[in-house]
Structure formats: C-alpha cells, structure tokens
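Use the sequences and the hints to build the structure in full.
Protein chains: 2
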Amino acid sequence: MQRKALTRGFEQAEFQARTEKAQALMAAQGLEGLLLLTEPEVRYFSGFNTLFWQSPTRPWFLFIPAAGKPIAVIPEIGAALMRQTWIEDIRSWSAPAPQDDGISLLSELLAPLAQRGARLGILKGHETSLRMPLGDWERLVQALPGLQLTDATGLVQGLRMVKSQAEIEKLTHICGIGSATFDQVPKQISEGMPLEEVFRAFRREALAQGADDVPYLVGSAGPGGYVDVISPPSRRPLQMGDVLMLDTGATWDGYFCDFDRNFAIGAADDAARRAYDVLWRATEAGLAAAKPGNTCRDLFQAIQSVIAELDDQGGDIGRLGHGLGMQLTEQPSHAAFDTTVLQEGMVLTLEPSLGYGESLIMVHEENIVIRAQGAELLTRRAAPELPVI
Amino acid sequence: MQRKALTRGFEQAEFQARTEKAQALMAAQGLEGLLLLTEPEVRYFSGFNTLFWQSPTRPWFLFIPAAGKPIAVIPEIGAALMRQTWIEDIRSWSAPAPQDDGISLLSELLAPLAQRGARLGILKGHETSLRMPLGDWERLVQALPGLQLTDATGLVQGLRMVKSQAEIEKLTHICGIGSATFDQVPKQISEGMPLEEVFRAFRREALAQGADDVPYLVGSAGPGGYVDVISPPSRRPLQMGDVLMLDTGATWDGYFCDFDRNFAIGAADDAARRAYDVLWRATEAGLAAAKPGNTCRDLFQAIQSVIAELDDQGGDIGRLGHGLGMQLTEQPSHAAFDTTVLQEGMVLTLEPSLGYGESLIMVHEENIVIRAQGAELLTRRAAPELPVI
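Chains C and U, in that order, give the protein sequences. Okay, so the first sequence: first residue is 161 according to the working numbering, each after it adds one. Okay, so the second sequence: first residue is 161 according to the working numbering, each after it adds one.
What the hints contain is simulated information worked out from the structure, not anything from laboratory work. There's no promise every hint is true.
Copies of one chain are not kept apart here, so a pair can be met inside one copy or by any two copies together.
[As the list claims (entries may be wrong)] Here are the computed lysine to aspartate or glutamate pairs in the EDC-like style, where the Cα-Cα straight-line distance is at most 20 Å:
| id | residue 1 | residue 2 |
| --- | --- | --- |
| 1 | LYS451 | GLU469 |
| 2 | LYS284 | ASP260 |
| 3 | LYS229 | ASP413 |
| 4 | LYS229 | ASP249 |
| 5 | LYS284 | GLU298 |
Dropping the structure here:
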C-alpha cells in the first residue's frame with residue numbers, strides 16, 4: 161500500500177523551537193542548565209536517532225544551556241551520527257571506559273555552574289529513570305559540590321506532551337499503517353494457527369504496510385477471553401470460541417502508534433460481546449470528553465462511568481489511556497490523580513479496560529489528537545461489535 | 161525454513177539453579193538480599209518475559225532473599241503474567257501511582273534488613289542503570305536508615321556471563337536464523353533500492369526465517385564504504401560502488417543474535433577489499449584466541465594485532481566484541497581494560513573494526529560460544545572476500 165511520502169527527521173527550526181521553549185521555562189524556573197540522559201529526551205532536543213540505545217553499555221549526555229544550542233557529551237561511536245544533527249558542540253570519549261565513562265568530560269562542562277552554585281535541572285520524577293550507573297552518578301554529584309540539582313521532570317514532560325504539526329504527521333502516518341495492518345488480520349489468521357505465528361504474520365504485514373518496525377506486540381487468546389494483556393506469544397493454536405487481542409506499538413521515523421484490536425475466533429459468546437460493547441461505548445464517551453480545557457481526570461471519569469455499567473474496577477491496568485509519541489507510553493495519564501489540562505496538539509490513547517467473567521480482562525484502545533473542536537481519531541475506529549473471524 | 165522446534169521458556173530447575181548460585185555468592189559476600197530493577201535481571205531470576213518494559217511508566221522490583229524463591233513487587237498489570245512463572249510471593253499495587261509507586265510495599269519488604277543493618281546488593285556499576293525515578297530511589301533510601309547498600313554488579317554480571325545449555329540452544333537458534341536471513345540478502349536487494357526498503361526486506365525475511373522480532377537493525381551504505389555504524393535507514397538508493405553494512409540483533413524467546421555483514425553493490429574497490437580482508441583475518445585471530453583461560457584482554461590483543469596491519473586505532477567503537485544473551489550487548493568487553501577470564505559457556509561477539517580511506521569505518525562481527533576446546537561459531541562464517549551483489 162502506498163502512502164504519502166513523508167520526510168524523515170525534522171527541519172532545524174523544529175529543534176530550535178523545542179530548545180528555545182525549554183530555555184524560556186528554564187529561565188522562569190531559575191535553571192541555568194538541563195542535563196538529559198534518556199533516549200527520547202536526547203532525541204527530542206538533538207534529533208539523534210539510533211536504535212543503539214538498546215546496548216546498555218554506554219551512557220549518553222545532552223546538556224541544554226541557558227541559551228544557545230545543546231551540547232552533546234557522548235561515546236565516540238555516536239559522534240559521526242551526532243554530527244549529522246544540528247548540534248555543533250560534540251564532546252566524545254572512547255567508550256566503554258569503566259574508570260571514566262564520560263564523567264570527567266561532564267564534570268568539566270558543569271564545573272562553572274557548580275562554582276557559582278547554579279541550579280541544574282535533571283529528570284528524577286514520575287516515569288523517569290537514571291540511564292547511567294548509579295555509582296557514576298554519585299561520583300559526578302560529589303565532584304560538583306555547590307551544584308543545586310532540581311527536578312525538571314514537569315518542564316520536559318510538559319513540552320513533549322504537546323506535539324508539533326510535524327510530529328502529528330508522523331503519528332498520523334504510523335497510526336494509518338497500524339490500522340491498515342489490523343484490517344488484514346482476518347485474512348491472515350484462522351483457527352488452528354499458533355499464537356506465535358499470528359504475531360509473526362502481524363509483524364510482517366505491518367512492515368509491508370510501511371512500518372519501520374514493530375517494537376511492541378503483545379496479546380493473548382483464550383476461550384471467551386484472555387486473562388493477561390502484556391504476554392509474549394505462546395505456541396497454543398487459536399481455537400473456536402477464543403477471543404484474541406493484539407496490542408501493537410509500531411513505529412515510523414521514531415514515532416509510535418499504540419492500540420489494540422479484539423477478534424473472536426469462529427464465534428463469540430454473550431459475555432465477550434457485552435464486554436466489547438461496553439468498552440466500545442466507553443471509548444465513545446472518551447472521544448466526546450477529549451477536548452481542550454477538560455482534564456485527564458475528566459477524561460478518566462467519562463470513560464469510567466461507562467465501564468462501571470459492567471465492572472467498577474476498570475480492570476486493573478491502573479489508567480484508561482495515556483500520552484503517545486516518541487515512546488509507546490508518555491505523559492499524561494488518564495487517571496483520577498492526573499489533573500493535566502488537555503491542549504490542542506496532544507496525542508493520546510483512549511484505553512478502557514474491564515474485568516468480566518472469571519478473571520477475564522478485555523482492553524480496547526484508540527489513538528487521537530486533540531484539536532480545537534475536540535478529538536480527532538488517528539486510528540480507524542474499531543468495529544462497534546466484536547468481529548468474528 | 162523449518163528449524164527444530166525448541167521449547168519456549170525454561171524449566172523451573174533453571175531458575176532455581178540461577179537463584180541458588182546467586183545466593184551462594186551473596187552469602188560469601190555478606191549480602192542478605194539483592195534488589196533488581198532492570199528487565200534482563202528480573203527475567204533472569206523469575207522468567208517474567210514481556211515487551212511491556214518499553215513503557216517507562218511503571219517500576220518493577222524483584223528481591224532475591226538470602227534463601228528461598230525471589231519475591232516480586234510489581235504493578236498489578238503484570239501480576240497475571242508473573243503468576244505463570246515460578247515466583248509465588250507476588251506483591252502488587254495499582255500503578256501508575258505517582259505518590260507511591262511501589263515504594264511503601266518495597267519499604268515494608270526491606271524494613272527487617274534495615275533494622276538489623278544488613279547489606280543489600282544493588283546494581284550500580286558499569287553497564288547498569290537505575291530503572292526507577294531517582295526521586296523515588298532517594299525516598300526509599302531515606303525510609304530505610306541502617307540498610308547498607310552494596311554494589312552487586314559483578315555478582316550478577318558474573319552469573320549472567322556464563323550461559324546454561326538451555327540458553328545456548330536459544331542463542332544457537334537465533335544465530336542460525338540470522339545467518340539464514342543474511343544468506344537471502346543478495347537475492348533481495350539491488351542497485352537503486354532505497355536503504356529503508358533494504359531494512360524492511362531484511363526484517364520481513366528474518367521473521368519469515370523464524371525470528372520473533374528484529375529489535376535492532378542498523379546499517380549504512382556509501383561509495384567505497386560507510387562513515388557510521390549505528391544509523392537508522394535513509395531513503396538514499398543503493399548505488400554502484402557502495403559498500404552496504406547491515407548489523408542486526410534479532411530475537412527468539414528473548415535471546416539475541418548480534419552480528420553484521422558487508423556487501424559491495426556492483427563492484428568493490430581495492431581499499432574496501434583490503435579492509436574486509438584484514439577484518440576477516442582479525443576475526444580468525446579472535447577465533448583462535450577465544451578459549452578458556454585466556455582473558456578478554458588477550459582476545460582484544462589477538463584481534464588488534466591483525467587490525468594494526470592497516471589501522472592502529474581499530475576504528476573508534478571502543479572495544480572489539482562483547483558478551484551476548486538476553487541483551488544485544490552484555491558483559492564482558494573485549495578491551496584492554498577487561499581482564500575477565502574466558503570460561504566454557506560464555507557467548508560472545510568478535511567484532512573487529514577499523515578506519516580506512518577518508519573517515520570510512522568498516523566493522524565485521526561473528527557470534528561464538530566458548531567450549532572446552534575453544535570457540536564454536538554460532539553464526540555462519542562470513543565469506544572470506546567482500547561479497548559483491
């Protein structure tokens with residue numbers, strides 16, 4: 161299938177805009193720098209795009225100064241690729257080097273801030289991790305007395321939540337590819353097919369439809385429904401009466417779709433049909449509530465009020481949707497605790513789930529972008545009734 | 161292509177043996193527990209296998225006590241899958257919960273150790289990261305005064321380096337699939353094909369050959385050679401005289417192959433042929449040196465001495481191979497700094513690289529297992545001369 165040829169990467173103006181927005185917020189919060197260690201954050205501000213992060217061996221650092229372009233402190237193996245981005249100041253070392261994996265380069269860069277007791281933003285809040293050895297982090301902090309480490313999680317997550325038009329184009333593209341892939345599922349699977357072959361066929365089809373990759377594919381199948389929503393495939397063959405769920409995060413140019421579809425094999429029982437109907441209508445309620453000015457909590461409650469017809473627990477996956485972009489899941493969370501106000505340009509999943517029968521769980525998911533008038537679907541809406549293959 | 165049907169997962173005895181070996185080492189080092197946060201470590205001791213770790217939202221914890229089975233402290237969304245493993249004590253909470261994402265459950269579990277001033281092993285050394293919010297980590301440590309945090313990186317990495325026969329079977333399987341996939345490359349690509357289509361064809365073929373997934377695929381192509389070894393694909397069409405390199409980490413049942421192949425498009429110039437020949441012979445030197453009792457440094461020096469014929473820098477990727485298993489790259493490193501002694505059952509890459517011409521780099525890689533007599537290839541050996549397509 162041929163789709164419009166999008167340009168890979170972004171114009172330099174995109175990175176400049178991201179950086180300047182961060183710097184305006186940094187100034188308002190009294191931060192003289194921001195130190196980033198994680199793949200999406202480094203990529204967001206630099207354009208550095210590689211799967212090499214899967215190797216845990218080397219740490220990578222991007223420093224956002226109060227003004228000017230970011231500075232990369234990275235292993236030499238990445239320097240050639242970083243030189244293709246808009247970053248000019250690239251400081252590299254021959255890594256791995258267990259005795260000094262970038263720590264002295266980083267200390268040198270940050271020493272002036274430490275000497276004047278400046279505030280440095282780091283990511284230490286919800287949904288973050290420290291993507292370097294904790295021992296090296298402790299050594300770095302000890303080497304820089306005076307530096308005031310300040311949590312800048314909200315600053316960075318707040319920026320990343322609202323997508324640019326160029327980002328939305330990439331997300332629209334991959335959601336279209338995901339939808340076209342799910343459309344082919346009924347032609348590709350049948351009773352007797354082992355689940356691992358179902359997964360393999362789905363992955364191959366997504367690539368044929370134009371995905372770069374399918375980093376995330378989980379799912380389950382069982383009589384009348386499934387008990388788990390994050391499993392790798394088993395070798396169990398699909399059986400008449402199974403409900404099959406596939407949940408995929410496919411990527412194009414580093415941006416994810418994240419949605420699932422349910423299929424009944426041969427026939428569907430009433431309990432599964434009923435659960436599906438409730439979830440479909442819960443998603444409708446979410447679509448109606450997903451407009452600028454409402455909060456994630458509002459969205460959660462709109463979805464939850466429909467789920468409660470059948471189940472007051474909403475399954476137990478902890479939230480009913482989330483942000484989507486360079487990662488499979490991003491901030492915010494559609495949950496009672498999240499009062500983030502929805503804004504134009506946010507790309508979100510709506511993901512109602514419920515428990516039914518004996519320990520069965522059903523999930524349902526769509527991807528949307530928030531526009532001035534409300535939700536715009538990026539995925540082709542799931543069928544209103546549980547499809548039977 | 162049909163291969164021997166291997167069993168997915170492991171017998172319970174495998175996890176028991178891993179746990180008991182860890183506990184023996186813990187006893188020797190005076191550790192009363194081991195706290196693990198990262199995917200490969202949690203999977204290694206529990207068998208918990210899911211791609212859901214790609215979502216950064218939730219932390220996961222596995223505690224190895226001084227005796228008995230590991231204890232899982234995990235988000236509720238993972239409890240159903242964890243109940244399918246050998247783990248019995250599963251403590252879960254409804255996550256995400258920014259105010260308390262498992263911290264009070266974990267504090268309760270660790271409080272007895274803290275009260276008696278016990279030593280708790282954590283991973284804070286080379287090649288590790290802290291896969292939870294740093295802020296939550298600091299709160300946990302503050303809540304447990306008296307607990308002596310001790311680096312157990314060497315303990316865990318030392319265990320994981322030496323593979324069991326069941327692990328070697330999975331690694332042999334995926335390396336066979338990777339080799340069969342590379343064998344098809346000459347039939348699938350040709351001058352004029354954009355690099356992104358080369359990548360897509362490779363991924364589809366690897367799945368057809370039986371891979372579960374191809375999480376890692378990087379590569380480059382350019383006139384006479386390439387300048388970067390970790391790039392995503394561009395849309396540039398392959399041209400006569402290009403050297404194309406593809407480097408893949410494909411997976412089966414959670415185990416990786418990691419190797420690359422080079423191809424000349426239409427014709428190869430002398431410089432590329434010469435670089436290829438040196439790398440091929442450097443790998444031969446590595447194969448000869450890869451036997452029990454030699455160190456990683458010995459292996460490094462054996463490979464480096466051949467590379468030095470053409471280039472005394474060995475490219476600049478920092479090492480000439482590494483461990484391989486549940487991750488694309490694992491300990492140890494074939495580098496001058498690594499004095500790890502090679503043992504039977506270690507699965508390794510041999511990965512010579514060199515710089516040549518004007519800023520060109522060439523890489524070459526094979527995967528091996530160390531046997532009593534020396535190296536056994538898991539990959540089908542690369543052709544001795546640069547293949548021309």
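Exercise for the section: First find the shortest C-alpha distance between LYS229 and ASP249 inside one copy, then the shortest across copies, and answer within, between, both or neither for a cut-off of 20 Å. Expected result: Answer is within; shortest intra-copy Cα gap is 8 Å, inter-copy 50 Å.
Handout entry: Intra/inter-copy verdict for LYS451 and GLU469 if alpha-carbon distance must be at most 20 Å
Key = neither (24 Å within a copy, 65 Å between copies)
Exercise for the section: At 20 Å max between alpha carbons, let me know whether LYS229 reaches ASP413 within a copy, between copies, both or neither. Expected result: neither (23 Å within a copy, 43 Å between copies)
Handout entry: LYS284 and ASP260: within-copy, between-copy, both or neither at 20 Å Cα
Key = Between. Shortest inter-copy distance 14 Å satisfies the 20 Å Cα cut-off; intra-copy 23 Å does not.
Handout entry: Homomeric proximity label, LYS284 with GLU298: Cα distance no greater than 20 Å
Key = both (14 Å within a copy, 10 Å between copies)
Going down the numbered hints, you'll see the structure goes against 1 and 3, while the others check out.
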